[in-house]
Amino acid sequence: MIVAQNLTKKYGRQIVLNIENLEIPKGQSFGLVGNNGSGKTTFFSLLLDLIQPTTGHITSNGIQIDKSEAWKPFTSSFIDETFLIGYLTPEEYFYFIGELRGRNKADVDTLLSNFQDFFHGEILGQRKYLRDLSKGNQKKAGIVASFIGNPEVVILDEPFANLDPTTQIRLKGIIKDLAAKQEVTVLVSSHDLIHVTEVCERIVVLNKGEIVRDIQTSTETLRELESFFAG
Amino acid sequence: MFKRFVSLQWKSFFRSSSFGKGMAVRILMLFFALYMMVSLIGLGAGLFFALQKVFPNVDPMLKVSEFLIYWVLIELFFRYFMQKLPVMDVKPLLMLPIKKNDIAHYILGRSGVSFYNALALFVFVPFTLVLLAKGYPPLNVIAWLFSMCCIVLFINYLNFIINKSDKVLIGLAILMAGLYALEHFGIFSVSEFMGGLFYRLYQNPLLVVVPLFLAVGCYYINYSFLRDRIFLDASLQKKSKVAETSDLAWTKRFGSIAPYLQLDLKLIWRNKRTKMQVFMSLAMIFYGLIFYSMDDFGPRSPMMVFVGIFMTGIFLMNFGQFIPAWDSEYYSMMMAQNIPLRDYLESKAGLITVSIVVMFLLSVPYVYYGWQALWINFSCAVYNLGVNIPVILFFGSMNKKRIDLTKSAIGNMQGTGAAQFLVGIPLFGAPMIIYGLFVVFISFEAAMIALTVAGIIGFAFRKQLLDSITEVYRKKKYGMIAGFKEKNS
Chain L
0 MIVAQNLTKK YGRQIVLNIE NLEIPKGQSF GLVGNNGSGK TTFFSLLLDL
50 IQPTTGHITS NGIQIDKSEA WKPFTSSFID ETFLIGYLTP EEYFYFIGEL
100 RGRNKADVDT LLSNFQDFFH GEILGQRKYL RDLSKGNQKK AGIVASFIGN
150 PEVVILDEPF ANLDPTTQIR LKGIIKDLAA KQEVTVLVSS HDLIHVTEVC
200 ERIVVLNKGE IVRDIQTSTE TLRELESFFA G
Chain E
0 MFKRFVSLQW KSFFRSSSFG KGMAVRILML FFALYMMVSL IGLGAGLFFA
50 LQKVFPNVDP MLKVSEFLIY WVLIELFFRY FMQKLPVMDV KPLLMLPIKK
100 NDIAHYILGR SGVSFYNALA LFVFVPFTLV LLAKGYPPLN VIAWLFSMCC
150 IVLFINYLNF IINKSDKVLI GLAILMAGLY ALEHFGIFSV SEFMGGLFYR
200 LYQNPLLVVV PLFLAVGCYY INYSFLRDRI FLDASLQKKS KVAETSDLAW
250 TKRFGSIAPY LQLDLKLIWR NKRTKMQVFM SLAMIFYGLI FYSMDDFGPR
300 SPMMVFVGIF MTGIFLMNFG QFIPAWDSEY YSMMMAQNIP LRDYLESKAG
350 LITVSIVVMF LLSVPYVYYG WQALWINFSC AVYNLGVNIP VILFFGSMNK
400 KRIDLTKSAI GNMQGTGAAQ FLVGIPLFGA PMIIYGLFVV FISFEAAMIA
450 LTVAGIIGFA FRKQLLDSIT EVYRKKKYGM IAGFKEKNS
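Line by line, the protein sequences are chains L and E. Reading the first sequence from the start, the letters are residues 0 to 230 in numbering that gives the first Met the number 0. Reading the second sequence from the start, the letters are residues 0 to 488 in numbering that gives the first Met the number 0.
Since the hints were derived computationally from the structure, they do not count as laboratory data. Among these hints, one or two may not hold up.
What the hints assert, rightly or not - Which residues of chain L face chain E? A partial, calculated answer using Cβ under 10 Å: (1) F77; (2) D79; (3) E90; (4) F95; (5) V211; (6) D213; (7) G230.
Yeah, the Cβ is synthetic: ideal placement off N, Cα and C, and Gly gets one too.
Kindly generate the complete structure, drawing on both the sequences and the hints.
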């Protein structure tokens, strides 16, 4: 599904990302871990064509991301709060995203009804604009918006941060479900090793822009990761 | 403690983002500030002589006293909109070992030395200097100046009390209108009565205690109110408005651009700065009155083309110059989402088109100044539609500065860069040159037709123009995304 080749990103002389070859098959739940500045967000930004690669390229479904826009209809993402439109209510935001992805209000409402639990009654029907919601609730809205329109690739940067424990557990269930039942390729980054090992079939560790571990998740994975990060 | 507060204030001023702005913006702002200072000082210095000339037999001091009540009311009215007590700034101080009393004094004290208060002094100080030079008794004059300073502070602190409710504002507006009506219909001369009171401040220096008492009293009311409310859930809480949703179903008829159009309408209506611009744009329809009522320009002067382009295109300029920076807060989402750039630009163009038509319709009454006025405004509207819309969209591609939507419009230079200064040249220059050439070498009618035809040609090639502009936006996408992310630019 997603193939990155000879991908590098440099700012001045500093190399922030250097991936020789990375393939992510369809329907995989893929976890990216690494310390601050290891290049996680850079990789995701390249995947969304928000920055230009210095060398190399990424293809998604055979489409080269920095050349064509044809990957947009089947890719959705939530990177941070800047993906939200502050002056809309959550409902309006969902409908707007829905329209962009060819879904009418009824479709969006059906999808949202599956997330009643996840929202915990704090998102819908609150008569509040997104900018006035708490950080955690903003995040919930953004994450759910990225599920609208049956995307084939979902990219979530640090989805577990700022969420309350109940929501974290629910989100884990949702992500596992997406990859297992619906053949969606889910890319998740996190600082929380426990969450990633629970959710992802495969975990890639980035350090200073390079891939240093590529692990198929097993019962040993968490210990392996912890010993790596403990130094 | 006080010294520390002062140094905090100093740093917040010099390290503020407005100081890091581009050279051009800084020079322009400096120029405006200087211009305002000079004109205020000029007013203060010239006031005495002007009054002497207009009312030869009255003591100018008495006349000034009569105006003072209106100055107080008008200043209160404007401050209501412009000046807010900056309570949010003290949030970081809360958990430090600082007494709440000190924090309250700090907030109130720093508002006492604000820019708004200095404005009045720029008038009063030169005025008193003239008085002294004219041989008025120094003790009285200086006591009077001191009274004025107290009144300025009184207004300053009174405003914060008023600011807590909208009803007071309405009351203030009614009071102003009422006083003016009383005066106008000769029922009761308010200015004479109040003038007498203010004049006494000058006659009897001892009365200086009255304004002093007012200022101190108002300060104390504010202080005791504030001191009890320095809590996160009281005055330090951000107010959030109840969201009003609307589905704007009527936009559906615009087809594929409907979702963006809805978004833009909500953008405009739900954010301070954009909303303000709509009102300012509508008010600008009166701009033409200045020129049409002046005899210096004939009805066929190129100046009228400037006025026509300006009036029908005011929203085009106000809103259009910051495309796409309006969406800067969530621009990376827009670029990662399934959004064809072409539709995005098309919807912005559509919105501006509507605004031009509306502004033209509003400008129809200018036909009072002759049919030429109507014709000029019509040609200018067509020119704006055909030529200036693509021009402003093209210049928009140079925008790389973030706009914070929640900030107010007044004096807000956020998002302003070189493009905003350059765009005026083609916007106004081209139509004025076209008009000038045709009017000199052929005739007024030919010039009007030329402008209209230019607009129609632009309209005919709209598709191609928008295509190439879309291409430019695509190329500059990465720079825009990076630029819009920088918060303090």
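Status of each hint after checking the structure:
This hint holds: F77(L) has a C-beta 9 Å from the nearest C-beta of chain E, less than the 10 Å allowed. At a threshold of 10 Å, the smallest CB-CB gap from D79(L) to chain E is about 9 Å, leaving the interface hint in force. Nearest Cβ of chain E to the Cβ of E90(L): about 7 Å, under the 10 Å cut. The hint holds. At a threshold of 10 Å, the smallest CB-CB gap from F95(L) to chain E is about 6 Å, leaving the interface hint in force.
Interface hint status for V211(L): violated, as the beta-carbon distance to the closest one in chain E is roughly 28 Å, over 10 Å. For D213(L), the interface hint is violated, the least distance from its beta-carbon to any beta-carbon of chain E being 26 Å, above 10 Å. A hinted interface residue such as G230(L) counts as satisfied when its beta carbon comes closer than 10 Å to some beta carbon of chain E; here the least separation is about 32 Å, so the hint is violated.
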